[in-house]
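S.K.: Sequence:
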Amino acid sequence: MSSNPVVQFGADAQYHAEGKPNFENDQRASVAKQDLRNGKTSSEPTFFKVSSTRKRCIAVIATIGLFAGMAVGIWLLVSFRINAENLLEVQVEGRPGWLLACHDGWKPSLGTVICRQLGHIRFLYHKGVNKTDIMLNYNQEFAQVVSTQNNSTDHMWQPRTTCSSGRIVALKCSECGTYAKTSQTEGSDSTLGQWPWQVRLYFNSRLVCSGSVVTEQWIITAAHCVHKSLQVSGWLAVAGMVTHLCTEQCSSFALEKIIYHQNYNEKSHDYDIALMKLKSPLRFSESIQSVCLPQYNQDLPVGMQCWITRWGYTKDNTHNPQLLKEVAIPLISSKICNDFYQGVITPRMLCAGYLDRNGDAGQGDSGGPLVCQTEHTWHLIGLVSWDNGKPNHPGVYTKMPAFVDWIYHVIDKN
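Quick note: the sequence shown uses UniProt numbering, first residue 1, plus one each step.
These are computed hints drawn from the structure, not numbers from a lab.
Warning: the hint list may mix true and false statements.
Straight-line distance between alpha carbons at most 20 Å, and here's what the computed EDC-like set of lysine to aspartate or glutamate pairs gives [unchecked claim]: (1) Lys277 x Glu216; (2) Lys172 x Asp104; (3) Lys335 x Asp270.
Label pairs and their calculated CB-CB ranges [stated by the list, open to error]: (4) Pro281 x Lys228: 24 to 34 Å; (5) Phe284 x Ser165: 28 to 38 Å; (6) Ile134 x Ser252: 41 to 51 Å; (7) Asn130 x Ser333: 43 to 53 Å; (8) Ser229 x Ser165: 49 to 59 Å; (9) Gly97 x Gln231: 53 to 63 Å; (10) Lys413 x Gly343: 26 to 36 Å; (11) Phe284 x Val146: 35 to 45 Å; (12) Asp339 x Ser285: 37 to 47 Å.
Glycine included, C-beta positions come from ideal geometry on N, C-alpha and C.
Input sequences plus hints: build the corresponding full structure.
M.R.: Quick look at the structure:
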């Protein structure tokens, strides 16, 4: 096996015959046939749960870069979640249970930090809610934020038995990742609104790649899809499609800007990520929604079950599905993946799939989403990047947690 991957993906595959994206000639993008029903997974748990089974939680994060200080010189990691009443809850390392965030010392800038740590791009609002207006446990404790120094963005969270102001922080982040409902049947057809962030990307009226909606005006895809085709006038993004025909629920959008990672390496396919800014914003609906970005420091255990959505066109167009397919696949360790690919897997790559099956994604699927569910929220963990086209080799995905800061930087700057 060569030390360099032989890449097969939508951007570099041969174009099919001319056709407009409404789109009876969409016969790009290939995936080898597979039956996942007998696939084996890791002996480790397939579903990742970072909190208790408390169902009312809508957002949760394991560990992030804000700290709790209980005494001078003692720094502890904290976790955050926002419950169904939009109340911010804090968990301090080494301390059981969740603490309500006291409004004392709260700064609006913390809203953006916490929302983004949870994978939500925008902080919408915060307010102080009177304790008397909510149901509290008899022994409910609180967490209060304390700045380490004047005008500092570094903060400590300290546990408190009381909240002197009598007000609790309510926090609202932009919605994302809440619509997908898997059928639990391997390789089954998707229904409209089931994976509402899925986008088809056309260049000069030809299906080239896939992408994901991350905000009303930003699409994320792979750098290999766009780095040779930066003329924005040739591109069209179509959202709200689950068939090869564009129905009244789908919408087409022209691009304003394409930005791919400055370190993208065409040979190794490292840093394989790009953002597309739409000329006009999407109108969110039941069939068009955004996916959440990864949580900061999100744990991705080997064997965790995640999902890809694919069109599944074969290279010779012998398989032309009418509907978007959904496939559950387990995450694979980088060590095992590097054994297959002779050490070319970088820290910006993630491997997933079944080792006794053919590839999971194909032409036209490149840049598409690999999503994992935490509690009730779907996070974009990977982008379809490359494989070597050989049977029984895992797919390689752009590892999204490595690019969260870059994504926020690009969106904020543009």
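S.K.: With reference to the structure, classify each hint as holding or not holding.
M.R.: Here is what the structure says about each hint:
With a CA separation close to 9 Å, the supplied pair Lys277 and Glu216 stays within the 20 Å bound. Restraint check for Lys172 and Asp104: satisfied, since their Cα atoms lie roughly 18 Å apart, inside the 20 Å limit. The straight-line distance between the Cα atoms of Lys335 and Asp270 is roughly 17 Å, inside the 20 Å bound, and the hint therefore holds. Remark: the range hint 24 to 34 Å for Pro281 to Lys228 is upheld by a beta-carbon distance near 27 Å.
Take Phe284 and Ser165: their Cβ atoms lie about 35 Å apart, and the range 28 to 38 Å holds. Checking the proposed 41 to 51 Å range against Ile134 and Ser252 shows it holds: the Cβ atoms sit about 45 Å from each other. Here the CB-CB span from Asn130 to Ser333 is close to 49 Å, well matched to the stated 43 to 53 Å. Between Ser229 and Ser165 the CB atoms are about 55 Å apart, so this pair conforms to the stated range of 49 to 59 Å.
Range check, Gly97 to Gln231: Cβ separation about 55 Å, and the 53 to 63 Å hint holds. For Lys413 and Gly343, the hinted distance range of 26 to 36 Å is satisfied, since their beta carbons lie about 35 Å from each other. As the Cβ distance of Phe284 to Val146 is approximately 38 Å, the hint placing it in 35 to 45 Å holds. For the hinted restraint 37 to 47 Å between Asp339 and Ser285, the CB-CB distance of approximately 45 Å keeps it satisfied.
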